[in-house]
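Asker: Take these sequences, add in the hints, and give me the full structure.
Here the protein sequences come in this chain order: A and B.
Our numbering puts the last residue of the first sequence at 341; the count rises by one with no breaks.
Our numbering puts the last residue of the second sequence at 341; the count rises by one with no breaks.
These aren't lab readings, by the way, just hints derived from the structure by calculation.
Please note that a few of the clues may not be correct.
Given that identical chains are not distinguished, each listed pair holds provided it fits within a single copy or across any two copies.
Capping the alpha-carbon separation at 30 Å, the derived lysine-lysine pairs in BS3-like fashion look like this [as the list claims (entries may be wrong)]:
{"no.": "1", "residue 1": "K167", "residue 2": "K295"}
{"no.": "2", "residue 1": "K12", "residue 2": "K139"}
{"no.": "3", "residue 1": "K12", "residue 2": "K119"}
{"no.": "4", "residue 1": "K119", "residue 2": "K298"}
{"no.": "5", "residue 1": "K8", "residue 2": "K139"}
Number of protein chains: 2
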Amino acid sequence: MKTKNQSKEIIKLAHGGGGRLSQQLIEQVFLPVFGNEMLNRMDDSAVFNVLHSRLAFTTDSFVVHPIFFPGGDIGKLAICGTVNDLAVAGARPMYISVGFIIEEGCFLDDLKRIVASAKEAADEAGVMIVTGDTKVVEKGHGDQVFINTSGIGVFEHERIVSGSNAKEGDCIVVNGPLGRHGMAVITTREGLGFQTRIDSDVAPLNHLIDVMFSSTDQIHAVRDATRGGLATVLNEIAGQSGVSIEIDEAKIPVTDDVKGACEILGFDPLYVANEGIVVACVGADAADNMVQSMKKEKYGARSSVIGRITGSSDGEVLLRTEIGSHRILDQLSGEQLPRIC
Amino acid sequence: MKTKNQSKEIIKLAHGGGGRLSQQLIEQVFLPVFGNEMLNRMDDSAVFNVLHSRLAFTTDSFVVHPIFFPGGDIGKLAICGTVNDLAVAGARPMYISVGFIIEEGCFLDDLKRIVASAKEAADEAGVMIVTGDTKVVEKGHGDQVFINTSGIGVFEHERIVSGSNAKEGDCIVVNGPLGRHGMAVITTREGLGFQTRIDSDVAPLNHLIDVMFSSTDQIHAVRDATRGGLATVLNEIAGQSGVSIEIDEAKIPVTDDVKGACEILGFDPLYVANEGIVVACVGADAADNMVQSMKKEKYGARSSVIGRITGSSDGEVLLRTEIGSHRILDQLSGEQLPRIC
Chain A
1 MKTKNQSKEI
11 IKLAHGGGGR
21 LSQQLIEQVF
31 LPVFGNEMLN
41 RMDDSAVFNV
51 LHSRLAFTTD
61 SFVVHPIFFP
71 GGDIGKLAIC
81 GTVNDLAVAG
91 ARPMYISVGF
101 IIEEGCFLDD
111 LKRIVASAKE
121 AADEAGVMIV
131 TGDTKVVEKG
141 HGDQVFINTS
151 GIGVFEHERI
161 VSGSNAKEGD
171 CIVVNGPLGR
181 HGMAVITTRE
191 GLGFQTRIDS
201 DVAPLNHLID
211 VMFSSTDQIH
221 AVRDATRGGL
231 ATVLNEIAGQ
241 SGVSIEIDEA
251 KIPVTDDVKG
261 ACEILGFDPL
271 YVANEGIVVA
281 CVGADAADNM
291 VQSMKKEKYG
301 ARSSVIGRIT
311 GSSDGEVLLR
321 TEIGSHRILD
331 QLSGEQLPRI
341 C
Chain B
1 MKTKNQSKEI
11 IKLAHGGGGR
21 LSQQLIEQVF
31 LPVFGNEMLN
41 RMDDSAVFNV
51 LHSRLAFTTD
61 SFVVHPIFFP
71 GGDIGKLAIC
81 GTVNDLAVAG
91 ARPMYISVGF
101 IIEEGCFLDD
111 LKRIVASAKE
121 AADEAGVMIV
131 TGDTKVVEKG
141 HGDQVFINTS
151 GIGVFEHERI
161 VSGSNAKEGD
171 CIVVNGPLGR
181 HGMAVITTRE
191 GLGFQTRIDS
201 DVAPLNHLID
211 VMFSSTDQIH
221 AVRDATRGGL
231 ATVLNEIAGQ
241 SGVSIEIDEA
251 KIPVTDDVKG
261 ACEILGFDPL
271 YVANEGIVVA
281 CVGADAADNM
291 VQSMKKEKYG
301 ARSSVIGRIT
311 GSSDGEVLLR
321 TEIGSHRILD
331 QLSGEQLPRI
341 C
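Answerer: Okay, here's the thing in structure tokens:
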């Protein structure tokens, strides 16, 4: 408790960006104190047994700015984010809590829209909002609406899925084009008048993930590619599993509108946040069959294999470019886009 | 989705205060949309069965200002608040999530103190922090640190405790002096130089509540008296159970320092927030025995019976004053103290 001799080190915006600084904060501040077997796994959900039930438990706070963006809003985002975290843990999302921190002066109608949109997403996902909380802070001490959602899921099978189980030879599968959420938010925030409106991909992925798990028992790792995008989540899987990953630029789906906006604004779509993208490491024999099943689903029409796990390493992720060269996809130190979720 | 014809109604600070405006917000905005059997009960925790286990699930966001106050800080508060919500539901608190929303520029050392204090409270309560999240917002769009904690508890017995089960004839029991938390925060915030420092009562009450449940099976309602104080929680119990409550001013424990500060600042200690006070409605035959058991506990030394449930009504709470007259303890419309938790 150094109050007299306090260091002047401060929290920077990049500490919240999901990149290297975020990880440092977790590793240097949170884990040494809070650390326990469950937390140390650093998966998106904690998994534990309560009496005779195996449960997943996850939490996320949402501070996206602006709170409304093409394709969604902070309410839909908050539900989908937590639903997806539970689903990628291999659990069936069931119960959700919603905590609002509202800035004084926020329009009641905006709040109502957000609530309606959260409810719609919860209904689509088939989860129940069972408990909640509301706090209000003075004008200038918040930013319209922040939402925390926590969620409980149950395991209906014996599979254990974790970021640390990816295996050499696995195929890397994604369900659709990358970078939509981040670019939807940033182009709206900056008021950029692109001809085509980019809609966020925010969606509840639990039904799609159900289909994936039903199609094979060879899924070794599943993650949603949110803050920091595909490159960040692949780095996390590679690090946790001790493997090297190679993805093939020619096979990575990115739509032209996102590609164009990224080029103009200087972003790399591989690092841009998604809110409807699932990444799976799946045994090579099972991958094609799983992709075919995914393609029949609402959020899986553009599913494809984009790369593979090439061997063991301390966590290297390589991009094979369209001209055949290789580039290391490193972890971001900060973030490209603050307040994207 | 009235975007073109949006009403100008806005959220006020008092909508977050735990009083009548908070309740209106919940009843007019959240319940009509999110409403379901569990949420509509409006208890602090949702209770449901997962496979063969009965669980309690609760969430709270903490925006207390200042983040450090005599007797505690936002970290300790966030853990105790969620532990207590689970415990008053009759569940054993087990797993906690912690989500931080940090304002850019917050001192890293402050964050470390908060984390250490949260851990200490979790250890005392015997709960495990199993999952977490960190977001950072720009300077001026937050206020140092906001914390959300959600928690899961398990039921180890078949009792059903709810705010709606209080019965005529029950004694009202509290475990100690009222108003400490609110006055600790407000005197610190305003920099008031009272001679005696008032320490917050913030504490994990789960062990005390264990003792209460072990001493009798006649506990019909248990609540912690947080935002809005004892008067508000008694109004909630009276309303939910359809009973009238009478408490006896002469028997209500308030320490001299709190009494003095309240008099100077114009507060009523019955409406001031506590973070270590449990209120129980317990069968008259069992009350004395339960109070004796409570008095042996760390947070129960000053436990006493302060009133009783006098009959059925639409939720009237009366205070019998020290001179023998009666005063209605109504629900607050706003709040006495913003950002107290």
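Asker: Hint by hint, note whether the structure agrees.
Answerer: Each hint, compared with the structure:
1. For the identical chains of this complex, K167 and K295 are intra-copy neighbours only, at 24 Å inside a copy versus 58 Å across copies, given an alpha-carbon limit of 30 Å.
2. Taking the shortest Cα distances, K12 and K139 sit within 30 Å of each other both inside one copy (22 Å) and across copies (9 Å).
3. Taking the closest pair of Cα atoms, K12 and K119 come within 30 Å of each other only across two copies (24 Å); inside a single copy the shortest separation is 33 Å, beyond that limit.
4. Taking identical chains as interchangeable, the C-alpha atoms of K119 and K298 lie at most 30 Å apart only when both belong to the same chain, with a minimum of 19 Å there against 43 Å between chains.
5. Taking the closest pair of Cα atoms, K8 and K139 come within 30 Å of each other both inside a single copy (27 Å) and across two copies (16 Å).
No hint from the list above goes unmet by this structure.
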